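Student: Respectively, the protein sequence lines represent chains D and V. Taking the working numbering, the leading residue of the first sequence gets 1, the next gets one more, and so forth. Taking the working numbering, the leading residue of the second sequence gets 1, the next gets one more, and so forth.
Since the hints were made in silico from the structure, they are not lab data. Treat the hints loosely; a few may be bogus.
If you want the ones that stay clear, here's a sample from chain V, every Cβ over 10 Å from chain D, calculated [unchecked claim]: (1) E14; (2) E16; (3) N20; (4) E28; (5) M63; (6) K70; (7) H75; (8) F77; (9) D93; (10) G148; (11) G153; (12) Q265; (13) S272; (14) Q273; (15) H277; (16) D279.
To give an idea of the chain D side of the interface with chain V (calculated C-beta under 10 Å), a few residues [what the hints assert, rightly or not]: (17) L52; (18) K137; (19) S159; (20) V168; (21) F171; (22) A179; (23) K185; (24) A187; (25) G215; (26) G217.
Source: prediction; values computed, not measured. Glycine is no exception: its CB is placed at the ideal position from the N, C-alpha and C atoms.
Number of protein chains: 2
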Amino acid sequence: MVITSSNSQLTEQELEDMFNTALQVAKEAGNVIRDAFYKEKKVDTKMSAADLVTETDQAIEKMVESMIVKKYPTHRFIGEESTKDHEKHKLTDDPTWIIDPIDGTTNFVNHIPEVCFSLGIMVNKKTVIGVVYAPIKEELFTARLGKGSFLNGRKLQASKITDLKKAVILFEGGASRDAKILEDKMANTHSLYTHARGMRSYGSGALSICNVAAGRGQGFFEYGLHIWDFTAGGLIATEAGAVVLDPSGGELNPLHRRVLCACTQEVAHSLSQLLVHIDMGWD
Amino acid sequence: MVITSSNSQLTEQELEDMFNTALQVAKEAGNVIRDAFYKEKKVDTKMSAADLVTETDQAIEKMVESMIVKKYPTHRFIGEESTKDHEKHKLTDDPTWIIDPIDGTTNFVNHIPEVCFSLGIMVNKKTVIGVVYAPIKEELFTARLGKGSFLNGRKLQASKITDLKKAVILFEGGASRDAKILEDKMANTHSLYTHARGMRSYGSGALSICNVAAGRGQGFFEYGLHIWDFTAGGLIATEAGAVVLDPSGGELNPLHRRVLCACTQEVAHSLSQLLVHIDMGWD
Chain D
1 MVITSSNSQL
11 TEQELEDMFN
21 TALQVAKEAG
31 NVIRDAFYKE
41 KKVDTKMSAA
51 DLVTETDQAI
61 EKMVESMIVK
71 KYPTHRFIGE
81 ESTKDHEKHK
91 LTDDPTWIID
101 PIDGTTNFVN
111 HIPEVCFSLG
121 IMVNKKTVIG
131 VVYAPIKEEL
141 FTARLGKGSF
151 LNGRKLQASK
161 ITDLKKAVIL
171 FEGGASRDAK
181 ILEDKMANTH
191 SLYTHARGMR
201 SYGSGALSIC
211 NVAAGRGQGF
221 FEYGLHIWDF
231 TAGGLIATEA
241 GAVVLDPSGG
251 ELNPLHRRVL
261 CACTQEVAHS
271 LSQLLVHIDM
281 GWD
Chain V
1 MVITSSNSQL
11 TEQELEDMFN
21 TALQVAKEAG
31 NVIRDAFYKE
41 KKVDTKMSAA
51 DLVTETDQAI
61 EKMVESMIVK
71 KYPTHRFIGE
81 ESTKDHEKHK
91 LTDDPTWIID
101 PIDGTTNFVN
111 HIPEVCFSLG
121 IMVNKKTVIG
131 VVYAPIKEEL
141 FTARLGKGSF
151 LNGRKLQASK
161 ITDLKKAVIL
171 FEGGASRDAK
181 ILEDKMANTH
191 SLYTHARGMR
201 SYGSGALSIC
211 NVAAGRGQGF
221 FEYGLHIWDF
231 TAGGLIATEA
241 GAVVLDPSGG
251 ELNPLHRRVL
261 CACTQEVAHS
271 LSQLLVHIDM
281 GWD
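This is chain D alone, in the form it adopts within the complex (with noise of 0.2 Å):
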């Protein structure tokens, strides 16, 4: 992980060209996942069987690099399947598109429709556009920060219940097959189905987040995604009144793996003091 800083300033016009280029991009990306969705995929393994790359995730970062490149050649980039590069791990104050080209692969891969190209822009390392595109449901989740979030053009707005015993949680399990990973995500499993009035669990960490801001669930929380898994989906939820924290209940650090996301602080406050917090590293 590595902060580096230089203040940028943007006017309103260039954000919103900038929101314009990525509802564009998305667009595309969206297309790409749509042709792709039905067709057997050559797949594969990254960390685990669990952790899956396809040539469609790969296809999607570099023709999305290669617009962003074009039209902002000042601008940073990091992307999903660029990590092998460390370079673009470096979070500055520059305008950043954080990028994840398929959120959900494994659904990708198993022909199931939770999943969506999410698109984060950062700036002074405070995100300022969300754009989560699910092609296979055709929801379209946006958000601008101070400008609310929507989807498919409907304004969002996060449930507002405060008792985790009427709360539904999306989770996910997450890919490391670590034998005391797992294990500290099952005893957060059954602590949860023992609080809650349920669990989801949907195989898109973006996806999840944005639910949490459609009303869709009261809470979210995963450890060990990435940056681009949930820069998105965090304005998305604050946009709609949602709080995004990291799961101890401190500030949310975008390059630390881990994330919770709840419709109100009460929820946020009942997941955190329940949760065991997993440390799976930092980007």
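Add chain V to chain D, keeping to what the hints say.
Tutor: Coordinates of chain V only, in the frame set by chain D:
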């Protein structure tokens, strides 16, 4: 549980008429679910804080029963909300309409779109018609014995994956908060996170079986569900080439409160070997 016998014969035309009535009933039920979905609900708890029933569940079941009784006065009826009346739990050879007015009531209460109406028809204790309608997602699953199954008119084919390591498994935690049952369920979840590619949980058993039929994942299991949760979905799955069994690997008994559905015999066998088989009683 009571199973009695008096072999029934129905013509193709009669079955066709029943199928059309089932579609009409599902459409009406779907309209009621859709209208109520975004409103605040009056909720009662049944067994535990996680086991909910709403006015809408009860209203739909009454409406559906009266539609069916009017057209088929000699047919029998088993509905989730009539469970207090043990008379209705006899499974005979008579044509029997088996209804879940809302599968996924917790989702319904918490504004999560995975809710459906489920209607299976058994004749001579064999399911001949299955209709599962998810009105918020606009997904209509249908099946007739020997005639295939369909999603919005598109023929379904389950996945052909045979290796559990490549399979995504759908499961439900269910409504019971009994400590021993939850412990066994968590053991199953843990074991499958270790051996399968991934786990998903949507909060609707009926829709999860239909998802396996549609090739969206390779298996589903649940302990503690009821005959109305899997009768329609079971036919939709087998007509799509999937297998539906008791989780132990033996023949399914529709009154035994547990089910295993898998895209292939091989995945069914692997699941059956790995799972702790929980006995949650009989309908």
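Student: With reference to the structure, classify each hint as holding or not holding.
Tutor: Hints and how they fare:
Separation of E14 (chain V) from chain D is adequate, the least Cβ-Cβ distance of about 36 Å exceeding the 10 Å criterion. Once the 10 Å rule is applied to beta carbons, E16 (chain V) is consistent with being away from chain D; the minimum gap is 31 Å. Every C-beta of chain D lies more than 10 Å from that of N20 (chain V), the closest at about 29 Å, which supports listing it as non-interface. For E28 (chain V), the shortest C-beta to C-beta distance to chain D comes to about 25 Å, beyond the 10 Å cut-off, and the non-interface label holds.
The Cβ of M63 (chain V) sits about 27 Å from the closest Cβ of chain D, beyond the 10 Å cut-off, so the non-interface label holds. With a cut of 10 Å on Cβ distances, K70 (chain V) stays outside the contact zone with chain D, its closest approach being about 36 Å. Distance check on H75 (chain V): its Cβ is at least 34 Å (rounded) from any Cβ of chain D, clearing the 10 Å threshold; non-interface status holds. Interface exclusion of F77 (chain V) from chain D stands, the closest Cβ pair being 28 Å apart, more than 10 Å.
Non-interface status of D93 (chain V) relative to chain D is upheld: no Cβ of that chain comes within 10 Å, the nearest being about 37 Å off. The Cβ of G148 (chain V) sits about 18 Å from the closest Cβ of chain D, beyond the 10 Å cut-off, so the non-interface label holds. Once the 10 Å rule is applied to beta carbons, G153 (chain V) is consistent with being away from chain D; the minimum gap is 16 Å. A cut-off of 10 Å between C-beta atoms confirms that Q265 (chain V) is not in contact with chain D; the least separation is 19 Å.
The Cβ of S272 (chain V) sits about 20 Å from the closest Cβ of chain D, beyond the 10 Å cut-off, so the non-interface label holds. Listed as a non-interface residue, Q273 (chain V) keeps its Cβ farther than 10 Å from every Cβ of chain D; the least gap is roughly 19 Å. Its beta-carbon lying about 19 Å from the closest one in chain D, H277 (chain V) satisfies the requirement of being farther than 10 Å from that chain. No Cβ of chain D comes within 10 Å of the Cβ of D279 (chain V); the nearest lies about 19 Å off, and the non-interface call holds.
Satisfaction of the interface hint for L52 (chain D) is found here, the shortest Cβ-Cβ separation to chain V being roughly 8 Å, below the 10 Å cut-off. The beta carbon of K137 (chain D) is positioned within 10 Å of a beta carbon in chain V (closest approach about 8 Å), and the interface hint is therefore held. The interface hint given for S159 (chain D) holds, since its Cβ lies 7 Å from the closest Cβ of chain V, which is under the 10 Å cut-off. The interface hint given for V168 (chain D) is met, as the beta carbon of that residue sits about 5 Å from the closest beta carbon of chain V, less than 10 Å.
The beta carbon of F171 (chain D) comes within 9 Å of a beta carbon in chain V, closer than 10 Å, and the hint placing it at the interface holds. The beta carbon of A179 (chain D) comes within 8 Å of a beta carbon in chain V, closer than 10 Å, and the hint placing it at the interface holds. At its closest, the beta carbon of K185 (chain D) sits 8 Å from a beta carbon of chain V; the interface hint therefore holds under the 10 Å criterion. Contact between A187 (chain D) and chain V, as hinted, is supported at the beta carbon level, the nearest pair being about 9 Å apart and thus within 10 Å.
Proximity of G215 (chain D) to chain V holds as hinted, the smallest CB-CB distance being about 5 Å (cut-off 10 Å). Contact between G217 (chain D) and chain V, as hinted, is supported at the beta carbon level, the nearest pair being about 6 Å apart and thus within 10 Å.
Figure legend: structure checked against the earlier numbered hints; every hint is met.
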